[in-house]
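S.K.: Put together the whole structure using the sequences plus the hints.
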Amino acid sequence: MEMLTVFLRHDESKTVDEINQHLKQTGWFEHFPPPGVEVVSWYVMMGIGQVVTLRFPAEQLREINRLIESEAWGGYRTEFYPTYDYRNLYEQLRTKMK
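Residues in the sequence shown are numbered from 0 upward in steps of one, following numbering that gives the first Met the number 0.
Treat the hints as calculated values from the structure; they're not laboratory data.
Just so you know, even glycine gets a beta-carbon here, dropped at the ideal spot from N, CA and C.
Accuracy of the hints is not assured; some may be wrong.
Said to hold, decoys possible - Here are the simulated distance ranges between beta carbons:
| no. | residue 1 | residue 2 | range |
| --- | --- | --- | --- |
| 1 | E62 | Y83 | 18 to 26 Å |
| 2 | V39 | Q91 | 16 to 24 Å |
| 3 | K13 | M44 | 13 to 21 Å |
| 4 | Q24 | G46 | 23 to 31 Å |
| 5 | P56 | L88 | 15 to 23 Å |
| 6 | R61 | D10 | 19 to 27 Å |
| 7 | R61 | Q91 | 31 to 39 Å |
| 8 | R86 | W41 | 15 to 23 Å |
M.R.: Below, the structure is given as C-alpha coordinates:
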(Lines of atoms letter the chains of each structure in order from A and count residues from 1; the text may use other names and numbers.)
(Lines give C-alpha, C1' and ligand atoms only; values in the text may rest on other atoms or scores of the structure.)
Protein backbone atom coordinates (compact mmCIF):
# COMPACT_ATOMS: atom_id res chain seq x y z
CA MET A 1 0.00 0.00 0.00
CA GLU A 2 1.15 3.49 -0.85
CA MET A 3 0.63 6.67 1.13
CA LEU A 4 0.26 10.22 -0.12
CA THR A 5 -0.17 13.47 1.77
CA VAL A 6 -2.19 16.10 -0.08
CA PHE A 7 -2.19 19.78 0.87
CA LEU A 8 -5.47 21.39 -0.13
CA ARG A 9 -4.57 25.08 0.14
CA HIS A 10 -7.58 27.37 0.24
CA ASP A 11 -8.02 29.79 -2.64
CA GLU A 12 -8.00 32.96 -0.54
CA SER A 13 -9.73 34.94 -3.28
CA LYS A 14 -12.90 32.96 -2.43
CA THR A 15 -14.97 32.63 0.71
CA VAL A 16 -15.37 29.22 2.32
CA ASP A 17 -18.96 29.15 1.05
CA GLU A 18 -17.75 29.82 -2.51
CA ILE A 19 -15.14 27.06 -2.23
CA ASN A 20 -17.73 24.61 -0.91
CA GLN A 21 -20.15 25.54 -3.70
CA HIS A 22 -17.42 24.89 -6.28
CA LEU A 23 -16.68 21.50 -4.69
CA LYS A 24 -20.38 20.63 -4.68
CA GLN A 25 -20.72 21.55 -8.37
CA THR A 26 -17.74 19.41 -9.38
CA GLY A 27 -18.90 16.37 -7.39
CA TRP A 28 -16.03 16.44 -4.89
CA PHE A 29 -18.21 15.55 -1.91
CA GLU A 30 -19.63 12.52 -3.75
CA HIS A 31 -16.36 11.19 -5.18
CA PHE A 32 -13.59 11.87 -2.64
CA PRO A 33 -12.12 9.66 -1.44
CA PRO A 34 -12.67 7.10 -4.19
CA PRO A 35 -13.47 3.47 -3.28
CA GLY A 36 -10.43 1.55 -2.06
CA VAL A 37 -8.71 4.66 -0.69
CA GLU A 38 -8.36 4.99 3.09
CA VAL A 39 -8.18 8.41 4.72
CA VAL A 40 -5.43 7.99 7.33
CA SER A 41 -5.77 11.55 8.62
CA TRP A 42 -7.51 14.76 7.64
CA TYR A 43 -6.53 17.93 9.45
CA VAL A 44 -7.14 21.63 9.03
CA MET A 45 -3.95 23.64 9.43
CA MET A 46 -4.77 27.27 10.02
CA GLY A 47 -3.09 29.46 7.42
CA ILE A 48 -2.53 26.49 5.09
CA GLY A 49 -5.80 24.69 4.54
CA GLN A 50 -6.56 21.00 4.72
CA VAL A 51 -3.92 18.28 4.92
CA VAL A 52 -5.13 14.80 3.96
CA THR A 53 -3.06 11.61 4.17
CA LEU A 54 -4.31 8.71 2.05
CA ARG A 55 -3.41 5.00 1.90
CA PHE A 56 -4.16 3.11 -1.30
CA PRO A 57 -2.94 0.47 -3.76
CA ALA A 58 -0.30 1.89 -6.11
CA GLU A 59 -2.50 1.36 -9.16
CA GLN A 60 -4.95 3.98 -7.83
CA LEU A 61 -2.45 6.85 -7.86
CA ARG A 62 -3.54 8.14 -11.27
CA GLU A 63 -7.22 7.94 -10.29
CA ILE A 64 -6.57 10.01 -7.17
CA ASN A 65 -4.58 12.57 -9.15
CA ARG A 66 -7.26 12.91 -11.84
CA LEU A 67 -10.04 13.23 -9.25
CA ILE A 68 -8.22 16.06 -7.49
CA GLU A 69 -7.41 17.79 -10.79
CA SER A 70 -10.98 17.61 -12.06
CA GLU A 71 -12.87 18.36 -8.85
CA ALA A 72 -10.70 20.14 -6.26
CA TRP A 73 -8.87 22.58 -8.51
CA GLY A 74 -10.64 25.91 -8.52
CA GLY A 75 -11.38 25.59 -4.82
CA TYR A 76 -7.92 24.56 -3.71
CA ARG A 77 -4.32 24.79 -4.84
CA THR A 78 -2.80 21.37 -4.30
CA GLU A 79 0.55 19.91 -3.31
CA PHE A 80 1.39 16.19 -3.15
CA TYR A 81 3.97 14.46 -0.96
CA PRO A 82 4.78 10.73 -1.01
CA THR A 83 4.50 9.59 2.61
CA TYR A 84 5.37 6.60 4.74
CA ASP A 85 4.74 5.59 8.34
CA TYR A 86 7.97 5.99 10.30
CA ARG A 87 6.65 5.29 13.80
CA ASN A 88 7.64 1.59 14.05
CA LEU A 89 11.01 2.21 12.41
CA TYR A 90 11.72 5.04 14.83
CA GLU A 91 10.84 2.90 17.84
CA GLN A 92 13.19 0.15 16.61
CA LEU A 93 15.97 2.67 16.04
CA ARG A 94 15.37 4.29 19.41
CA THR A 95 15.61 0.93 21.19
CA LYS A 96 18.76 0.02 19.28
CA MET A 97 20.47 3.36 19.98
CA LYS A 98 19.85 3.40 23.76
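S.K.: Determine for every hint whether it applies to the structure shown.
M.R.: Hints versus structure:
1. E62 / Y83: 18 to 26 Å: holds (20 Å)
2. V39 / Q91: 16 to 24 Å: Holds - the Cβ-Cβ distance for V39 and Q91, about 21 Å, lies within 16 to 24 Å.
3. K13 / M44: 13 to 21 Å: Once the Cβ atoms are compared, 18 Å apart, the range 13 to 21 Å for M44 and K13 holds.
4. Q24 / G46: 23 to 31 Å: Between Q24 and G46, where Cβ atoms are some 26 Å apart, the hint holds.
5. P56 / L88: 15 to 23 Å: holds (22 Å)
6. R61 / D10: 19 to 27 Å: Since R61 and D10 have Cβ atoms about 24 Å apart, the given range 19 to 27 Å holds.
7. R61 / Q91: 31 to 39 Å: Since R61 and Q91 have Cβ atoms about 33 Å apart, the given range 31 to 39 Å holds.
8. R86 / W41: 15 to 23 Å: For W41 against R86, whose Cβ atoms are near 18 Å apart, the range 15 to 23 Å holds.
Of the hints listed earlier, there is not a single one the structure fails to meet.
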